[in-house]
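Student: Each chain, written out:
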Amino acid sequence: MTRSALRGSPPERLRWRPASPPRSPRRQVWRSRLYRLDVNGSPYLYVAPFFLLFGVFGLFPMIYTALISTTAWSPRRPGSEDVSVGLDNYRALLSDDNFWNALLNTVGIGLVSTVPQLLLALGIAHLLNYRLRGRLFLRMGVLVPYVTSVAAVALIFNQIFARDFGLLNWVLSPFTDAPIDWRASKAASWFAVSVMVTWHWTGYNALIYLAAMQTIPFDLYESAAIDGAGRWRQLWSITVPSLRPTIIFTAIVSTVGALQLFVEPFLFDTTRNHNGGAEREFQTVVLYLYQQFWTNGRYGYAAAIAWTLFLITVVIVLVNFLLVRRIRSADG
Amino acid sequence: MRSAQRRALVGLLTVTALTLAACSSGGDSGGDPNAPVTLTINVFGDNFSLPADRSLYDEYERTHTNVKIVENRSDFGAHHQNLQARLTAGSGTADLEVIEVGQIAGYVGQPDKFVNYLDQGVDAGQWTPAIVARASTADHKALIGLPTDIGGLAMCYRTDLFAQAGLPTNRDEVSALWRTWQAYVDTGNRFLSRAPANVKWFDAGGHVFTGVLGNEKETFYDGAGELIVERNPAVRAAWDLTVGAIKAGQSAALPEFTPEWNTGFQQGQFATVTCPAWMMGYIRSNAAQTAGKWDIATIPGGSGNWGGSYVTVPSQGKNTAAAVELAKWLTAPEQNVKIFKTIGNFPSQKSTWTMPEVADFVSDFFANAPAGKIFPASLANAPAQVVGPQSGIIGQTFSDALNSVEQGTDPNTAWTNAMNDIKAATGTG
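Chains as they are written, first to last, in my numbering: chain A, 1 to 332; chain B, 1001 to 1429.
With the rest of the complex left out, here is chain A:
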């Protein structure tokens, strides 16, 4: 209805222009066609830049990577890029202990970093939501670790986690017999890498929670306070339930980020072959991919790792998504 009304309007406006020549019916048809094209087509034109960029930088690399993953391409063996080996790389990957070790490390570090990180972020956001002196300063302050480059963070943390003259071992020295070699065991190295990740991302998540918290009506807190609920009780009974969609969003984003963890273990590593620890204690999947690609020059195998990781990520996100739907329907 609106559309036909719109279509009728231009000639009415033009009627008052005396100099305008009589309009030929052919021209009117042409105009209306153009107009329809504008209405129906422009939205596609507006979103086209994204899809063009996505095609060039997202879709094409993905398809090309899939193609490479079916070859044994290595720059050290000229011509190897043209010989297909089918799914051999994927088959080899499934029986590759180092890949499973990397996956275990990725999931492990992911859990050790994501869970405390989101809990901490929630707590910090809750505190920042109160009327505090210098609130803006504090709110900006929690974002500082996020805007600091990871390389700079790693530099500092490598000092903290140094074995012989490290800050943390110095603090712990009264309680331990020998200084802890933070790269020598899975537990210690996972902890060290997770601390780096948590440091980097907590402030970011806290700000997202804070933004969501400000949409919660203040009356709820007021009446809760009147009913005698303390701040802790308010957090668990009002804030957390209202934040559920936001919490789910941050959980999904953090999960995807954790699966792709690379920079922190890469910079924490002291082996020159990118082993992620002398015995691959903290080699994540992406670091393993990097090692196979760069150190070993196995382009095909690295591409297979990339695609396998992609599929794993999709599965985990789908599971997440289903959980989200369940929680939502439980709400309703």
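Since no wrong hints were added, every one of them can be taken at face value.
Once the Cα atoms are required to be at most 27 Å apart in a straight line, the calculated DSSO-like pairs of lysine-lysine come out as:
(1) B:Lys1350 to B:Lys1373
(2) B:Lys1217 to B:Lys1423
(3) B:Lys1068 to B:Lys1341
(4) B:Lys1423 to A:Lys186
(5) B:Lys1328 to B:Lys1141
(6) A:Lys186 to B:Lys1247
Derived by calculation from the structure, the hints in this document are not laboratory data.
Position chain B against the provided structure of chain A, taking the given hints into account.
Tutor: Below, chain B alone, put in the same frame as chain A:
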């Protein structure tokens, strides 16, 4: 079909590149040697290959007024990775690229990507056949790199720590302590029994391992280019000796080229370090406060070579002629001597070894040790080592594996892991 597509793409790129070259250079391709030209050179590390200050480049620019040199220096790993990526992509390399000796064999397999110096009037007889062979194809028809320095091996040791442990400090007496590597490990046990607290015998097991293998002709590959690392008794013997020393508590377990390693030099966490000539410069710049506490003895076994680099000219560059001229100049005897005197990298040019400037050189940082005599002696005895495409990565795999032993991994497990890693790095797939 994909191959056809690639060929089309390559064709298109070539046409574009040729058009651009034709537009931009004009008469340049005619070979006017005085046309202004900017040469880029990619270098790795602090001082390992070429001095980090611009002294050499400035000198070249003074005598070649049309040339401007721009250096880009990056981390060892990133440097070689980027080089491989740019060679594969067919664009983006600098006019000159420095390649480390452990990595050069991987590039020798791609000779069409580099200018062949044998076509450029280079006399390969300036260097020992072993050095030249490493940067040459198997048929000796192409030479892709000109050697800058060579890492003749010696043993650097802390005289102050030796004195505290009751060991002799005079360099000849110290050299006599370790004619063999077994004697070196035995001396280590003697040292540890009376050493100051928290001072170890050496920095990292990987360096002992490298040193032991420095006396061998065939290590990871045999003369036919076959991978023999797993069945070579010399490799296993070097491994066992190193593991024994680690188990005896001799290693400070400091991975090389890390901040912790540098701290170890500064704090005196170890008394000896396997010492190629370039290590003199490394210790000097990273632990300046230890000046005078060091001395240099001969290496156990008497010979060895660790490190050194080559200057290459990728053939994709636009100024290959000018780049070759600069490469020749940078690796000429006069420049070799200058580099030796400023940063300690030992000249690869044989003719310089008898020059008084080199032969009579003593290092004040190392208690006036006659470095100019120690390193040539080590090189003269060194076997012409066989290097294969992945020698560098294999050596690093052993360093990592020995580091895991230092961290408590069972040596047999570490050996098995290392063998699997080597198969992954050298196999197909």
